[in-house]
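A.B. asks: Each chain, letter by letter, is given below.
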Amino acid sequence: MGGLISFYISAGVAVLAALIAMLTSRSDRALAGFAVSFAALVVPLIQLRAATVAGVVLLAAAVIVILLGAVTRVGPRATGPGRRLPIAFWLPAGLALLGFVWVVLATGSRQVVDFGPALPNRAEFGDGTALLLELGANHGVPALLVALLALACVIAAVLGLVAGPARPAGVKAS
Amino acid sequence: MALPITHYLYLALALFCVGLGGALLRRSLVVVLLGIQLMLGAIALLFAAYARFYVDPAGQIAALLVVLVGLIELAVAVAIVVRAVHAEQREGEGTGLSLIHDWHHHHVPGGVAWLSEGEGEGEGEGDDGGDDPGAAT
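Just so you know, the protein sequences line up as chains G and A, in that order.
Heads up: the first sequence at position 170 corresponds to 170 in the numbering used here, and the numbers run straight through without jumps.
Heads up: the second sequence at position 133 corresponds to 133 in the numbering used here, and the numbers run straight through without jumps.
Here chain G stands alone, though its shape is the one from the complex (with noise of 0.2 Å):
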């Protein structure tokens, strides 16, 4: 029962902190949003026993916020009254949301409810060790993919704030 609750408590927090997160004109209300969203998740991260995902998840959400926070800072800074989201953004989000409705109640009366094997024999499911020595064995050519992206990425942008700045079409270099 207490899982039931704080399940409920958190997916409610995680869904609405992303909605004010999409909806909030303010950058700065859409990242504290974004990173309420994220600190929700970790609840039924953890009731999966995905400690190791909710703790990536965690830190992700941190620099993604750092990230962005840096990003709105050196933007410029809107000035003048705010106005409401229009009609475009409104009518596809209705639609969105009564779509939604409509899976839900399509298909809660029709769902098979199954709760998955328990776990007595396979304790160091969701261990983090266990999780890194599986994914060292079995799983190494994602894992060598993800790690050459991260090491492309960090090599481009390095290189895309040291190169300088790019000459303007028609100049030649002396």
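Hints may contain errors.
Stated by the list, open to error - Output of the computed footprint for chain G on chain A, the stretches with three or more beta carbons under 8 Å from beta carbons of chain G: (1) 9 to 23; (2) 29 to 41; (3) 65 to 77.
Said to hold, decoys possible - To give an idea of the interface, some chain G residues facing chain A are shown, with a C-beta separation under 8 Å as derived from the structure: (4) Leu19; (5) Ala50; (6) Val53; (7) Thr129; (8) Val141.
What the hints assert, rightly or not - Residues on chain G that point at chain A, a partial pick, calculated with CB under 7 Å: (9) Gly12; (10) Ser27; (11) Val43; (12) Leu45; (13) Phe100; (14) Val101; (15) Trp102; (16) Leu135; (17) Gly136; (18) Gly140.
In case anyone wonders, no lab produced these hints; they're calculated from the structure.
From a predicted model like this one, the values you see are computed outputs, not experimental measurements.
Glycine included, every Cβ here is placed at the ideal spot set by N, Cα and C.
Please build the complex by placing chain A on the supplied structure of chain G, with the hints as guidance.
C.D. replies: Same frame as chain G, now just chain A:
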């Protein structure tokens, strides 16, 4: 499992829909990137739910990789923005960075008025402070 897997699936679906809506409908670069990250977080939750359901750690590994790829994508986007900042400071055109915030002074020549999301808007009040009778509708 403490709860049926459908609880987690519906939560992931709701988060994915919210992120998709923000990524598709908003013009702000920050909100679009946040929407993409929300979608990736929902996918990670989905992987974790099925990993527990099938008692297979491969799902958790996939969730980890999805989150890490999302971080890489975000780093590339931030590097592009920083590059744009440098170009803006060098050339002084003053247009490219307006994409960071929406509801900003941003004219769309020839664009449909209600699609241009409020010319001359600022971030002082936002959608919750929308008492402006001249809202772009």
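A.B. asks: All hints, please: hold or fail.
C.D. replies: Structure-based check of all given hints:
no. : hint     : in the structure
1   : 9 to 23  : holds (count 11)
2   : 29 to 41 : holds (count 9)
3   : 65 to 77 : holds (count 10)
4   : Leu19    : 6 Å, holds
5   : Ala50    : 4 Å, holds
6   : Val53    : 5 Å, holds
7   : Thr129   : 11 Å, violated
8   : Val141   : 11 Å, violated
9   : Gly12    : 10 Å, violated
10  : Ser27    : 5 Å, holds
11  : Val43    : 10 Å, violated
12  : Leu45    : 6 Å, holds
13  : Phe100   : 5 Å, holds
14  : Val101   : 10 Å, violated
15  : Trp102   : 12 Å, violated
16  : Leu135   : 5 Å, holds
17  : Gly136   : 10 Å, violated
18  : Gly140   : 11 Å, violated
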